[in-house]
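Visitor: Residue strings, one per chain:
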Amino acid sequence: MTVAGLELDLEVFSGPFDLLLTLVLREEVDLMEVELADVVLAYLDFLEQRGELDLEAATEFLVLIAALLELKSRLLLPRDEEDVLDFEPGEAADELLARMLEAKRYRAAAEHLSGRLAGEHGRRFRSARLPGFLRKVDLSESAAVYDPAQLGAAIGALLRVPPPISLAHLTIPRVTVAERLRHLRALLRSGITTFDEAVKGADRVTVCVTLFALLELYKQGEAVWEQEVPFGDITIAPNTPSGHHARMSA
Amino acid sequence: MSELVRTLEALLFLAPEPVGAVELAEACAAEPDEIAEALAELGEVFAPGRRGMELREVAGGWTLSSAPEAEAAARRLLAKPRTPPLTPAQAETLAIVAYLQPVSRPEITRIRGVSADSASGTLLERGLIEEGGRSQFGATLYRTTPLFLKLFGLNSVDDLPDPSAWDPSPEDEADLRERLLKAGEARVATPS
Amino acid sequence: MSELVRTLEALLFLAPEPVGAVELAEACAAEPDEIAEALAELGEVFAPGRRGMELREVAGGWTLSSAPEAEAAARRLLAKPRTPPLTPAQAETLAIVAYLQPVSRPEITRIRGVSADSASGTLLERGLIEEGGRSQFGATLYRTTPLFLKLFGLNSVDDLPDPSAWDPSPEDEADLRERLLKAGEARVATPS
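Chains as they are written, first to last, in our numbering: chain A, 124 to 373; chain B, 109 to 300; chain C, 109 to 300.
By construction, these hints were calculated from the structure, which means they are not laboratory data. Among the hints, a few may not be true.
To be verified - Straight-line distance between alpha carbons at most 27 Å, and here's what the computed BS3-like set of lysine-lysine pairs gives:
id, chain 1, residue 1, chain 2, residue 2
1, A, K323, A, K195
2, A, K227, A, K342
3, C, K290, C, K188
4, A, K227, A, K259
5, A, K259, C, K188
6, A, K259, C, K258
The structure presented is a predicted model; accordingly, all values stated were derived computationally and were not measured.
Sequences are here, hints too, so could you generate the full structure?
Guide: Given below as structure tokens:
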């Protein structure tokens, strides 16, 4: 079985993975409501049942799930810096679809080529040295056929030093996970807080890093978090034995 | 067998690479239409299934190859496999190079979604692709080789089918739509 | 033509050296007398004067060779330097050898940023470059050949064009070799 046929039973969708993908791309299923973690878990279950790792299928799955995660993360991020956001969700879906179609096209072309090669099986070509009477080349009979300028041009191209790569367009991280961990722990010492509170006035990068820090706190068992509705505020509470159950919707 | 046909047979037996009709005409001091006629006659002699050799038009020229029926014996005698089949990763990389050439490694990686370094290395080693210049940023560009055409039985890359032929058909779209409706009904029937 | 005769024809076509009857029998999984009979039939087909090839028994066994009548045409087609257009990799490799000779293979690789094994192999085979001694570290050194001068219409390597016309920074005073090595290393360090 390939990745496409992976059977899913999610809250908002039940059916094969490829159908989910199609519905998401047609915006007939809201990606915001799809728990991608559950898709990954379903795939892991499937791998476990199967008992072996098909590298090609696993690669395909990673590519698809990464594309969905990218799309979803674009939908989830705050939208206050419209000029920096390069894609509308619709555009992102179009891009994803185009990319999948392109990959699919060359996978089909690859199958065609493999078939062609198999069809040529057994047709070998002769590779023998030329007989002696053809190996002697008379230098005086040879005419100039190449232009020396080709060699000069090749040397010129090899002398070209590539321009240094500009890193100007990359955001230099000004905020670290450790810093945001300290910030969150400080907030939690005075009880329940919210994600909005934790990132008040922060820029986009800080929001992301804070989310990482929050994941780390959750993993360490220091905090639990809850989001009542999509886009709603995330409540963060210090973890106590009787505390809330964490619920993540990423 | 006329003298011209015999000469052509000898030339194609000796030549290490496929030879174009123009070069054959020059070597034989014959007219192009005489060569065309002689090649047709030779093609009859070496038609598939008749002999131990076949006349083939590949990589822009004419060449003789062994007949596939002799492959088992050839492998025993020569003790080397013809061309091992391609892995899916190699076939995909080769397909991208064949259709988009000249194409750079980062572009191949972008299309495949995974790195193509090992696959393109193997294809280079096997002589199926080669460097064909550099991009404006100095990245090596790849293209297919005449050996690729020879081994895949192609006269030129233009003989490859239009890749849009493999795009999903309207029927497939309709099929997906139907499956969508069914899945929707199933969900209504079994609320979670 | 029986299947065995066809297989023999294919084997003798492919084999670069004469093949003994015993080896042929093993490869074809046939009895020695069957092979003898098949060889006799093949000898009829390829009797002198009939075809462009002849079946001959020589010291080491059986072999196909071109018919002597085709010799003049074969000379016109094949007894001349092969001069297809140089690929970019070949032109780069040949330019490095021409301007820096003698130069070692590792040096060529460092300047190009990618291996030049396949390109230098082709240039050697076509007789444009040749081995000329060893470096102090034991690497083979390459230099250009008289055929190279002939095919480029040069009297000596001193007549190679001054690269400053194509040089992106001709004011640089450093030695050509040093500059090429530096640029090559910069290319490798820059992911493209």
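Visitor: The structure should be examined with respect to each hint, and the outcome stated for every one.
Guide: Quick rundown of the hints versus the structure:
Of the pairs offered as hints, the one joining K323 (chain A) and K195 (chain A) holds, with about 23 Å between alpha carbons and a cut-off of 27 Å not exceeded. The straight-line distance between the Cα atoms of K227 (chain A) and K342 (chain A) is roughly 38 Å, outside the 27 Å bound, and the hint therefore fails. For the hint linking K290 (chain C) to K188 (chain C), the alpha-carbon distance of about 39 Å lies beyond 27 Å, and the restraint is violated. A distance of roughly 52 Å separates the Cα atoms of K227 (chain A) and K259 (chain A); the hinted pair therefore is violated under the 27 Å criterion.
For a cut-off of 27 Å, the pair hint linking K259 (chain A) to K188 (chain C) stands: about 8 Å separates their Cα positions. The straight-line distance between the Cα atoms of K259 (chain A) and K258 (chain C) is roughly 16 Å, inside the 27 Å bound, and the hint therefore holds.
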